[in-house]
Amino acid sequence: MFDFSIVTNWVHSTLTSVMPEGWAVLIECVVIAVWIITLYALLAIALIYMERKVCGFFQCRLGPNRVGKWGCFQVFADVLKMLTKEIFNPKNADQFLYNLAPFLVIIASFLTFSCLPINKGASILDFNVGVFFLLAASSIGVLGILLAGWGSNNKYSLIGAMRSGAQIVSYELSAGLSIMTAVVLTGTMSFSGIIEYQADGWLIFKGHIPAIIAFLTYLVAGNAECNRGPFDLPEAESELTAGYHTEYSGMHFGFFYLAEYLNMFIIAAVAATIFLGGWMPLHIGGLDGFNAVMDFIPGVVWFFAKAFFVVFLLMWIKWTFPRLRIDQLLSFEWKYLMPICMANLLLMTLMVVFGLHF
Amino acid sequence: MEEIKYIEPAALRDEMLRLRNEEKMDFLESLTGMDWGVPTEGDAPGTVRGLGIVYHLESTETHERVALETSTLDREHPELPTVSDIWKTAKINEREVYDFYGIIFIGHTDMRRIYLRNDWVGYPLRKDDDPEKENPLRMDNEETVDETIEIELGADGTIKNKKDLIFGDEEYVVNIGPQHPATHGVLRFRVSLEGEMIKKIDPILGYIHRGIEKMNESLTYPQTLALTDRLDYLAAMQNRHALCMCIEKAVGIEISERTQYIRTIMDELQRIDSHLLYYSCLAMDLGALTAFFYGFRDREKILDIFEETCGGRLTLNYNMIGGVQSDIHPNFVKRVKDFIKYLRGVIHEYHDIFTGNIIAQNRMKGVGVLSREDVISYGATGGTGRASGWHCDVRKRMPYAMYDKVNFKEIIYTEGDSFARYMVRMDEIMESMNIIEQLIDNIPEGEYKVKTKPIIKVPEGQYYQAVEASRGEFGVFLESHGDKYPYRLHYRSTGLPLADIVDTACRGEKIADLITVGGTLDYVVPDIDR
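Those protein sequence lines, which keep their order, are chains P and B.
Be aware that the first sequence starts at 84, since it is given in this note's numbering, and climbs by one per residue.
Be aware that the second sequence starts at -16, since it is given in this note's numbering, and climbs by one per residue.
Just chain B, same shape as in the assembly (with noise of 0.2 Å):
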């Protein structure tokens, strides 16, 4: 459990800026919108009621933590002031807490909905909200709005409307997605076009939005698990680890060293699956056929190991609370051995056809530039924050598993453009095996599994929980009241901030370079509208 600063919504962007200016608190790790509910008379003092967010921020520099939390009690013009001038990330998390908790933000620029329907009636995450009630299945087309709402609070208190447009009406606007072999799943960009200059992207959420978050409330907390898997599913074995070890540390459960080692290995081996499977997809998008179908061959043998342990492929439904499901296959060991030791023989194969070649190297120098301020700002973790010079791996920022006690370097490009963005996965394939190949050999006898109750009930409190999935950090918010469901899970998303970023990183650029920023920074979309 970790202790949550309460502050007044109008003390919020006072202490906000100090935070950021003095302490230097320049990443906003998650933002979670939050309904405590109304005010009742058995409440002891000082809690929180009301609709509110809590927010979770680092420093950069000194790897200090903080986390804060607000509210209002109004539930029928809930305003609170916006912190998204302050930290560029905030706007696209404003939107999702606004979408699912109707809390209008003051200042911000851009209150639309962002995953649901603009006709969507009601805000689904209150806990008074019955969503299927007056949302009935709608079988017309979902009109696009360019037009928002910016709220402006004047010196004296008093409150403006102004109206802001996305697009005018001269803009040649394209559509990319939600139907569209480069964006890697249904995701939409609206592309504002001069001749094939970007001049702005606006990205549209929310075509596979199965209100993960919504349901995980009505779950006992070992079903809450199969969803994760749902989540990045390039990051399934990550995800799932981050969900288990929340809940592992809020009910104060130990797991055994031979689990820890299992965990360590897959999520390894879950990396080299994403990596393999990035270097594929970027090489497509980018016309390089040929490159695509290397990357998928050696994946294949990495999926086959998974299936002999987990059974599953994609979805392996692998880690539970206190272990894992099943003890790893005898073959596992010497099987990863030899991956290993093939993947070391063919790796070069992927350097001559790609990375080495002319083509591919101008169109990814200098493409989609994204400064180590920026990247921060907006929070886009993983390869992207590290290729532009961002020390932001969470194994070594706050070390879990076994990351502590295994040698490996993280890896820093300093470019921040796409080509470095490349090469910061291609050299992770090669650190995760290291780090593999220094625990494989010294797997422990042990229990593989820790026996726990049936019915698992997480002390009251909140928890957070990250861990490095394959694109960055992903994040578990747990808040507990003592049941047997939990309250609020939120999932701090790998994919949003890297989703955003992409207007900054293609402004200016050509069409054809959106593709390759939009390859290089690897964003899952399920992951994104969970």
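Just chain P, with the same shape it has in the complex (with noise of 0.2 Å):
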């Protein structure tokens, strides 16, 4: 398995050989900022074009099929036109709230992002406490939606901000115990720990039922706090004609555009890292030929395989429900969903106790 911090540490040394290392460092944080940016305008674009042709797909449509060979420049045709349409301030809006908010909600969304280890070794925040720091990230983006809803001095946005924050707030809670449920069969907090752990089996085989159990519960609340479908209120196209962005324009309305998707990326990166193991191959204690062989696969390959696998689940979800409405939300996640993963994070722990896990 190639590992990645042979690279990183070859740039650093041969940084460090040639300038002090405060200005290594520097060149490293801005070479990274840059390629974290990068990747993350790749993997929204790949995104949301996968999106239009899944949904089309599902509709019996062929999706989006002029702009290039199959409609796949149709993407970057999208952003252009986005970033040169005009961004307006509404008249009677807070202003600095108004334009502070989208900032808020991509750069929760860049944190989270920077958690994710892609391959062995290549990992940008990595620390005992990585998951509670992805789970901390992921609770400012919020905050910016309050405030987009509360700026724009619209009822419509208001209306989805409020929904908004009470479904964010509420799932968080079954994400949270989902994820804990991993943290107490693992032992540790940092991802590379939990990948770690899973060499010899992903933690959805060696935790078994209350891990699987964890994975659904996890699929669901994520995707509940990504704002998608069925879980969609706070921007419930028929009910409040865009929700909290209603009075967005341009690239502040696509901030929250390519939030809303590299969430859902995340989302499904952070269920893969956790429970289907990551970069980690397909490893099945005892078999070391087979090990062997899919060792030759890349981790990078093997990581984004999951996400984007478990990217289509939640797709497929969207495509087929119908949404919800805030009470039954609500009362969803409150008198199931939430006491399921509790009872669910008692039921890991007593297997960890007795040690009835592989």
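I should point out that these hints are in silico values taken from the structure, not numbers from a laboratory.
Mixed in with the good hints, there may be bad ones.
Below 16 Å or equal to it, Euclidean Cα-Cα: the simulated EDC-like pairs (lysine to aspartate or glutamate) are [said to hold, decoys possible]: (1) P:K238 / B:D310; (2) B:K320 / B:D424; (3) B:K434 / B:D310; (4) B:K392 / B:D410; (5) P:K238 / B:E154; (6) B:K493 / P:D410; (7) B:K232 / B:E462; (8) P:K238 / B:D410; (9) B:K348 / P:D410.
Now the in silico label distances, taken between C-beta atoms and shown as ranges [to be verified]: (10) P:F392 / B:R296: 38 to 44 Å; (11) B:N425 / P:S332: 57 to 63 Å; (12) P:L429 / B:V329: 26 to 32 Å; (13) B:M122 / P:F179: 55 to 61 Å; (14) P:L122 / B:Y325: 44 to 50 Å; (15) P:W399 / B:R296: 30 to 36 Å; (16) B:L0 / P:L413: 44 to 50 Å; (17) P:F392 / B:E393: 49 to 55 Å; (18) B:M122 / P:I207: 23 to 29 Å; (19) B:E126 / P:I119: 49 to 55 Å; (20) B:N425 / P:W399: 44 to 50 Å; (21) B:K324 / P:L122: 37 to 43 Å; (22) B:Y325 / P:F171: 45 to 51 Å.
Cβ coordinates follow ideal geometry from the N, Cα and C atoms, glycine included.
Got two chains here, each in a separate frame; can you build the complex from them with the hints?
This is how it looks when you write it as structure tokens:
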């Protein structure tokens, strides 16, 4: 298995040999920032294209097919269009909050994105409470949504933002508890530790019943956290036109739009990392020959394949189910999902105590 | 021609209360404003003059029908007693009459204009009014007024003005529409909210009011046909069928059996078309976008069939006085049979993806419940009425065309909630296919259109004809004075009661339920605004 830290260590040692360490770290930070932004944009484009095609095929349509072969340049055209559109400010909006909101959303999305280990040794932020940091960073986004709703001085926006606040705060509990279940089993909060633990079998196999339950509850809660159907009430277009981003245009709207897709990817990637082994190839304890063959496939391929598989699951759900109502949404979380998660956490703890896992 | 009994305004309320309570006339089918002009010396005794109303009543128990009229000669301050406390549907219909004729209803709680702007001068459907004279194209926005004036009649005959408030200053009022994805057209609801809870809804109509009833008065009978397709565009066939039948009945034209078959089949195809669109739009309103495309995929096949025979896909212009515009296309029978076979094969997909879905069921069951009394009082016919247990199908109540010769069930649900309204439509698709199957193989040979005179003059009289359109009873009230133009042609709108009943259905529900209720009530705005 190729360890990407060889590359990063070599870069670091080369830079420190010609300049003071402070400068080297600064240059590395800039390079990494550029890398994150590029990857973020490319992933967003891929996801939007995928969403359009997948939803097209679900709906007996072809999806985009005019710009480029199979419409593959459609999203580039759309991004160009969005970049050239005027950004306007509604007259009675709170200018400062109105303009701040999209940046909060996108910053939260970037912060969580940087936690994801893409390959062995290729993680940007990796420390002992990585999971905790991820949960904390992802909840900054709701602040941006609330400010967008409040700042735009629009009744639809305000209702959308209120819904969003209630929804994200509630579902964060379930998402957190589901991840805690995995933390209980692996005994660590750092992502690299969690992945190393899965070297002889993914967590969903090693933790069997409680891990599968946690995986499913995490998918539901994560889906709700990133405001996608059937939980897209904050922007329910048939009720609130566009919810909290009704008053945004141009790239300000684009930030919300990008963040929505990337949050979906982040949810999928976290699920893949924690429950499906992240970049860890499919290893079966005892079958050394099989494991060696699997190691030939690079970790980055494993990571993206798993993440996009989960993304596909989320899209499947979105394009099949109708939308929930706000009271149903909240009662589902507080009356069903969270008790299930807590019971599941208890079950996992008992299993770990009695050593009933693989 | 039907007999219409004249009642003096002073005796109107007593007579109406007697009809309502003793003869159980609980369904006010149609309320039509009229302008019979000023009295002249040549009037025969008993001629009704002045500004007045024609009421059509029906008892839902005995199915007896009665028509009444009343009028006042005062053109400066025409005042008539309201019946809006006896039948709830009268409230919105009387607003329409006030808007067009300026008749003020004493005791009516909401005398605002309904279709025209608040700053409109004059009452356009009066025969002596020239709407274009004092109403230039206004470039300023219309103010929304929250105040209405109610006229109270004291016991001693004095008249007192009372101010009513629609929404107070402290209320959180959200506009749904006029440009909104869920209103299915340019309709506006002002919704007062308490958090997510709906306190009150005030529908604001008239954004696409085209004055079709006024235009009819200067069009010859064949010309009036062209406008019916523009009312409820998802019931174009049935609307035009009603008007043709009304004129044919009045003139005494016998139409061939082949025409009857074709008209019935077309009506039912149109119904399937409308219900498929209903399914699609409801699914989309609830956020199920994939289901939306299922309905549209199959509706397209009906439109193709229409296109082949009629030339049009939406405004079909097919029925004519005395028959239909052209004979059915040679492929028609085969394609309709193929389509029915196909739809029977795929309709389970609809139920798999949407009807059986737990979220869809939770969103619709128990939401927007309407009682049987309410739907009758509001005159909400069609699927909405039948979902609340009201046997209101015109095809059974007053059979026309081939409906007394075919076998079909009237779909009745008794829950009255959104899910029942939805299921009524889904079951009606199957029933419509049954009807078509019984007819399609037996279309008799014969003329598709009988010869009519180039200029059609309808004998003097008043005529009412109703059909079961896609979303309820569509009625045509025609008053002729023997000319080649109608004196008054009023359409009983299928959608107006539905827009009116939204308030009743939604009070205390969540804002998201307004979308469900609106989707399941299935109003079409051009039909409301006319």
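We went through each hint and held it up to the structure:
1. Restraint check for K238 (chain P) and D310 (chain B): the C-alpha separation of about 54 Å exceeds 16 Å, so the hint is violated.
2. Simply put, K320 (chain B) and D424 (chain B) have alpha-carbon atoms about 9 Å apart, close enough for the 16 Å limit, and the pair holds.
3. Simply put, K434 (chain B) and D310 (chain B) have alpha-carbon atoms about 14 Å apart, close enough for the 16 Å limit, and the pair holds.
4. Under the criterion of a C-alpha separation no larger than 16 Å, the hint pairing K392 (chain B) with D410 (chain B) is consistent with the structure, at around 10 Å.
5. Taken as a hint, the K238 (chain P) and E154 (chain B) pair is honoured in the structure, with Cα atoms around 13 Å apart against an allowance of 16 Å.
6. For the suggested pair K493 (chain B) and D410 (chain P), the alpha carbons sit about 9 Å apart, so the restraint of at most 16 Å is met.
7. Between K232 (chain B) and E462 (chain B) the CA atoms are separated by roughly 13 Å; this keeps the pair inside 16 Å, and the hint holds.
8. Our distance criterion of 16 Å between C-alpha atoms is broken by K238 (chain P) and D410 (chain B), whose separation comes to about 39 Å.
9. Restraint check for K348 (chain B) and D410 (chain P): the C-alpha separation of about 14 Å stays at or below 16 Å, so the hint holds.
10. Hint check: F392 (chain P) to R296 (chain B), Cβ distance near 42 Å, so the stated range 38 to 44 Å holds.
11. At roughly 60 Å, the beta carbons of N425 (chain B) and S332 (chain P) sit within the given window of 57 to 63 Å.
12. In this structure, L429 (chain P) and V329 (chain B) break the distance hint of 26 to 32 Å, their C-beta atoms being roughly 47 Å apart.
13. The hint said 55 to 61 Å for the Cβ distance between M122 (chain B) and F179 (chain P), and at roughly 36 Å that hint is violated.
14. Between L122 (chain P) and Y325 (chain B) the CB atoms are about 47 Å apart, so this pair conforms to the stated range of 44 to 50 Å.
15. Range check, W399 (chain P) to R296 (chain B): about 34 Å between beta-carbon atoms, so the 30 to 36 Å window is met.
16. Distance hint check for L0 (chain B) and L413 (chain P): the Cβ-Cβ separation is about 48 Å, which falls inside the suggested range of 44 to 50 Å.
17. Between F392 (chain P) and E393 (chain B) the CB atoms are about 50 Å apart, so this pair conforms to the stated range of 49 to 55 Å.
18. Taking the beta carbon of each, M122 (chain B) and I207 (chain P) are about 58 Å apart, not inside 23 to 29 Å as hinted.
19. Separation of E126 (chain B) from I119 (chain P) is about 52 Å and conforms to the stated range, judged on CB atoms against 49 to 55 Å.
20. Distance hint for N425 (chain B) and W399 (chain P): a CB-CB separation of about 47 Å, consistent with the stated range 44 to 50 Å.
21. At about 52 Å, the CB distance of K324 (chain B) to L122 (chain P) disagrees with the hint of 37 to 43 Å.
22. In this structure the hint that Y325 (chain B) and F171 (chain P) lie 45 to 51 Å apart at CB holds, the actual value being about 49 Å.
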